[in-house]
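Sequences listed follow chains B and U, in order.
Residue numbering for the first sequence follows the numbering used here, starting at 76 and increasing by one per position.
Residue numbering for the second sequence follows the numbering used here, starting at -6 and increasing by one per position.
Mixed in with the good hints there might be a few duds.
To be verified - Just so you have them, the derived chain B footprint on chain U, three or more residues with Cβ under 8 Å: (1) 40 to 48; (2) 186 to 194.
To be verified - Computed cross-link-like contacts, EDC-like style, restricted to lysine to aspartate or glutamate with a CA-CA straight-line distance of at most 20 Å: (3) U:Lys74 - U:Glu146; (4) B:Lys186 - U:Asp131; (5) B:Lys186 - U:Glu146; (6) B:Lys136 - B:Glu156; (7) B:Lys136 - B:Glu105; (8) B:Lys186 - U:Glu75; (9) B:Lys102 - B:Asp142; (10) B:Lys96 - B:Asp142; (11) B:Lys136 - B:Glu108; (12) U:Lys74 - B:Glu156; (13) B:Lys136 - B:Glu112; (14) B:Lys96 - B:Glu108.
In short, the hints are calculated from the structure, not lab data.
Just so it is clear, CB atoms sit at the ideal spot from N, CA and C, and this is done for glycine as well.
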Amino acid sequence: MGVMATLSTTLAPTVALVRRKAAEAGKNIEIVECLCEGAFEAVMAADTATHDRIVGDALTKRMQGVDVIVLAQASMARVLETLPRAQSARRACESGAGCAAHAGYPRCLRKRYFVVGLLGVVSVITFLDRMAIAVVGPLIQGELHLTPRSGVGCSAPM
Amino acid sequence: MLSAYVIAYGLFEIPAGALGDRNGQRLELTRISAWWSVFTALTAWCTSFTQLVGVRFLFGVGAAGAYPNASGVMSRWLPAKERARGQGVVWGASRLGGALAPLTLVPIAGAFGWRSVFVLLAILGAVWSVIWWWWYRDRPVQIAGISAQELAEIGGSQREGGTHQAPPWGSCCGSSSSGSSFWPMVLCLGSWFYFNWFPTWMVSAAHFSTREMGVYASFPFLLGTVSQSRRRLALRPAGHPAWNSSGLSDHHVHLSAATSVLLFGMTTVSSQVAIVVLASVSFAIMDLMLPAAWPCVCASVGRTAVSRRA
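The whole structure should be built from the sequences, with the hints applied where relevant.
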């Protein structure tokens, strides 16, 4: 069994997890460890092409002869799309044979959803602001002795 | 006073969007929300018509650019397949804000006075700007705690962001058989009525009490939220046979005509129930046009940008 990761701090615990689960199942397995050096730094620098190249090279050259490959980080799975015979590997990944990292990463905690949430909040606030003078207009008219001709309201096209 | 905000908003919308392209949306959205919060607060201290006009004009200067910069944020942070959903969240939230305004602000104004409303909204805006500046980063890779998995999911959109290019005014203003112009957007401008005159009209012309207005003025926006979520009903891709030679789809023309008839009908009935129903349905139909109007502009800008690079 091959275990691949882009970080040593991920590789070691994943290998330990696989060994423990194999022992619990009474299986005797041989593990080939593969650290894709430089791939994590590449993706953190927004260079996904270099990340994909490093992981792809490791997958095709250093994992030959293994029966099953575990990708310790789900982000590595994107590389499968670019490789030949990727279909069978994808099926294995989707069926839960690999990609253990999926389990520890709830969708709701993705940072981009917080970003969209903050934009939604400011969208609510800006429309409250825009309409405030219109909905309290009758009160302003009364206190400042204005008429509707003064246009007590404010707007935006949409 | 009514026009002061609109003129300022119109004048500064494009420059504020361009500033976001140049300086990043972290800085620009912080500036926008802080600016509008200051002038929202100052509204509470106005004691004359002239002061209100000046403050609302400057409020409009600050508020301009919020939505263009929000779109810029989504282009950096969301994968292409999630951007339409992101736009739906932001525009749906705007209608929610419109619905909440009469429901919440009228009771607050009744209890604490109208000036308290602007102080409260200024505090909300200021708090948002602090959170945004403190937490948000223009590049996903710069934000604390983001995982390599999410960076990979965001993919190519986590680049530095696009460079600013001059708008292709010719293709935006001109007619096109593919429907790529901003003229469909013009048909949506009737919503202007709802954002400013509708509450005043309800009280002054239709004889609703202020308390009744505080409830029923929210109905059009609640239906508008539904329309925003049903955008597939209105969307037809550029190049669809329904787009006629003037760049307006038959779909838009029909919806616009229906809106006009309903608004005219609203002015002729005396029943308050009928007024609320006609106003709400009219606004909901108007909001069905808006999601389809945006792609017309995008088609113009995008096609021109692509041809420039080719």
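Evaluated hints:
Here's how the segment 40 to 48 of chain U fares: 4 of its residues keep a CB closer than 8 Å to some CB of chain B, so the rule of at least three is met and the hint holds. With a threshold of 8 Å between beta carbons, the proposed coverage of the segment 186 to 194 of chain U by chain B holds, since 6 of its residues qualify and at least three are required. A C-alpha spacing of about 11 Å is found between Lys74 of chain U and Glu146 of chain U, which places the hinted pair at or below 20 Å, so the restraint holds. Restraint check for Lys186 of chain B and Asp131 of chain U: the C-alpha separation of about 12 Å stays at or below 20 Å, so the hint holds.
Simply put, Lys186 of chain B and Glu146 of chain U have alpha-carbon atoms about 11 Å apart, close enough for the 20 Å limit, and the pair holds. Note on Lys136 of chain B and Glu156 of chain B: the hinted pairing holds, with a Cα-Cα distance of about 17 Å set against a maximum of 20 Å. Restraint check: the Cα-Cα separation between Lys136 of chain B and Glu105 of chain B comes to about 18 Å, which is no more than 20 Å; the hinted pair holds. Proposed proximity of Lys186 of chain B and Glu75 of chain U is supported: the alpha carbons are some 14 Å apart, at most 20 Å.
Of the pairs offered as hints, the one joining Lys102 of chain B and Asp142 of chain B holds, with about 14 Å between alpha carbons and a cut-off of 20 Å not exceeded. The straight-line distance between the Cα atoms of Lys96 of chain B and Asp142 of chain B is roughly 17 Å, inside the 20 Å bound, and the hint therefore holds. Only pairs whose Cα atoms come within 20 Å are accepted, and Lys136 of chain B paired with Glu108 of chain B is accepted, the gap being roughly 13 Å. Of the pairs offered as hints, the one joining Lys74 of chain U and Glu156 of chain B holds, with about 17 Å between alpha carbons and a cut-off of 20 Å not exceeded.
Pair hint Lys136 of chain B plus Glu112 of chain B holds up; C-alpha atoms about 14 Å apart against a cutoff of 20 Å. Under the criterion of a C-alpha separation no larger than 20 Å, the hint pairing Lys96 of chain B with Glu108 of chain B is consistent with the structure, at around 16 Å.
Against the hints set out earlier in the document, no violation occurs for any number.
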